[in-house]
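Trainee: Assemble the complex: chain A is given as a structure, and chain B with the ligands must be docked to it using the hints.
Residue numbers (the working numbering), protein chains in the order written: chain A, 1 to 325; chain B, 1 to 248.
There is no bait here: all hints are sound.
Straight-line distance between alpha carbons at most 27 Å, and here's what the computed BS3-like set of lysine-lysine pairs gives: (1) Lys-225(B) x Lys-292(A); (2) Lys-105(B) x Lys-52(B); (3) Lys-283(A) x Lys-246(B); (4) Lys-52(B) x Lys-106(B); (5) Lys-198(A) x Lys-144(B); (6) Lys-15(A) x Lys-144(B); (7) Lys-290(A) x Lys-221(B); (8) Lys-24(B) x Lys-216(B); (9) Lys-16(B) x Lys-216(B); (10) Lys-246(B) x Lys-221(A); (11) Lys-2(B) x Lys-86(B).
Facing chain B, a subset of chain A residues (Cβ under 7 Å, in silico): (12) Thr-69; (13) Ser-94; (14) Gly-110; (15) Tyr-137; (16) Arg-146; (17) Lys-198; (18) Glu-249; (19) Asp-301; (20) Leu-315; (21) Glu-318.
These aren't lab readings, by the way, just hints derived from the structure by calculation. For clarity, every value in this text was computed on a predicted model and none was experimentally measured. Where a beta carbon is used, it is the ideal one built from N, C-alpha and C, also for glycine.
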Amino acid sequence: MKIVVFAEQRDGKFKKPALEAVTAARHLGAEVVALVIGSGVKEIAPVLGEYGASKVLVVEDARLARYSTTAYAKAIADVASKELPSAVFIPATSMGKDCAPRVAVKLNAGLAADCTALRLAASPMESSDVIATRPVYAGKALTDVRLTSSQKVFTLRPNVFTASSGKGTVASVEIFAVAFDDSDFACAVTEVTHASGKLDVAEADIIVTGGRGLKGPENFKMIEDLAAAVGGAVGASRAVVDAGWRPHEDQVGQTGKTVSPSLYVAVAVSGAIQHLAGMSSSKYIVAINKDKDAPIFSVADYGIVADAFEIVPALTREVKKLLGT
Amino acid sequence: MKLIVCINHVPDTTAKINIGNDAKSIDRTGVTYIINPYDEFAVEECLRWKEKHSGEVVAVSLGGDTHKETLRKALAMGADKAVLLKDDAPRDSYSVARALADFIKKQSPDAVFFGKQSIDSDDAAVGLMVAEMLGWPSASVAVKIELTGDHATATCEIEGGHETIALKLPAVFTAQKGLNEPRYPSLKGIMTSKNKPIEEESPAPPQNKSEVVAMKRPAAKNAGKIVGTDVSAVPELVRLLHEEAKVI
Ligand SMILES: Cc1cc2nc3c(=O)[nH]c(=O)nc-3n(C[C@H](O)[C@H](O)[C@H](O)COP(=O)(O)OP(=O)(O)OC[C@H]3O[C@@H](n4cnc5c(N)ncnc54)[C@H](O)[C@@H]3O)c2cc1C
Ligand SMILES: Nc1ncnc2c1ncn2[C@@H]1O[C@H](COP(=O)(O)O)[C@@H](O)[C@H]1O
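This is chain A alone, in the form it adopts within the complex (with noise of 0.2 Å):
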């Protein structure tokens, strides 16, 4: 079995959903092949045989340094075309998100999206099967799917898989020519900002979410010295972004964003059901409320049923004690 994994890269930096669905390839068994778009990212490739690709083909053209969704989803499409994998998996990160739906359409391909859980069907009729558990209705329900096309597409949840080295494959990288033309850069990146140096709540590890319970935009001062202690992105309930304390970005929910961080402090959230269907896979949840009935309760690890104002400060400290930050 082969699988195609789009190693999405972006200012020649592997992103970590890139390397986690290399792993996950690998983990089923699969020769990896990996695929690396952009502009002078050759250099960076080999590093992908670590996770499991036996084999990585590079496209470059100076117009693909920045990304494209028409390109992209071409080179892509190029590639499964060639090399006709079992599957082709892609981070469902913006990137993988905006180009695996017209990748499965070039490809007359099914397409399971943002699925966090992978395996092989159990018939060994089936046995190049990739069966997908993918979330449906915000979490409230999971569904096993499987695709009937002859190429297939996947999108992998972010954070969900982990990425690891294996035995320390050394990948053969090769470039792979495609014919482009302007039309395929029909709709193109202009300009790229970046909220200095934040981190966003789709791509951390650890989320400090806090909510109406705050009272202010000024309070969030203690939710950031949080996160910063535990090296973590602020998340915000949906009633604090409609209240404009904090940019819609930061949404965590069924309208917001879907997470699941290792850990996820929320703090003064009561835990409407739209909330919790965005955060209620991770790993590790920590709820502070001075509510013992909110029903954040219900889906937390841990608990501390008092004033935040109180808490949050102090554990700022015992956590900046504890790591030395």
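Mentor: Just chain B with the ligands now, kept in the frame of chain A:
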């Protein structure tokens, strides 16, 4: 200018989801449905474009008769016309996209709007699949779109920031929260929407490329531990996170 907005009819966000007897789909009894929240931003954006550049807004939904409620909502907000691609069969994102793309191609609009994601299937795929089927450029997860002639500049959300995408109409856009503030239908809008007809068309039969083999509930979490009720619990919480959970 002609604008099409594709809208989906989904369980209310507060709905409790129960698994149906087939163990492959949900039990719909007692579930209330709403317009997909992201699709409201898409409808609103179309209405604003129309108000600025004049033209027509067509709302389309693929599904059973119940989808008419959601189409009515778009009409009440101000859409000129609604079309139901009537089909009760289960469809995956590919199959939905194929039917919508067939419909859109016949209409040759200047732009098509989608929500970034349906909150039932959570695929976030249909809009981009349609774009590919039509061979059109796209900007997904847009929080701002500016139009100058037939050139659009879209600001789209990515991890930790934004991307600006330049594209030429006809194009596909998928709407993210923040793109605008959807209006509430006015009383007049609600009244006139009742008289606007909802056209029906039959889409080609589904060509699904995926099948659900099982649906289940996520594993229930064990009740957690209340570490304490005042600041004296903090050292113990930090110890648990460090030694037991090993997350810090
Ligand atoms: C269509 C739709 C989509 C939605 N999508 C989302 C979504 O994506 N994400 C989301 O979060 N919500 C979403 N919601 C909103 C959701 O229903 C809740 O209204 C929201 O999550 C509440 O936010 P909150 O917990 O911050 O505020 P509240 O519910 O007001 O809770 C505040 C909490 O703070 C506690 N508190 C107060 N003071 C203190 C203190 N000093 N110390 C400790 N605790 C204190 C209170 O006990 C309370 O539990 C959606 C709603 C709808 C209708
Ligand atoms: N049955 C449908 N009818 C019309 N539009 C739909 C339908 N399903 C999905 N869409 C559109 O496609 C977007 C993305 O949906 P999805 O790929 O299902 O997450 C939605 O926000 C809608 O705009």
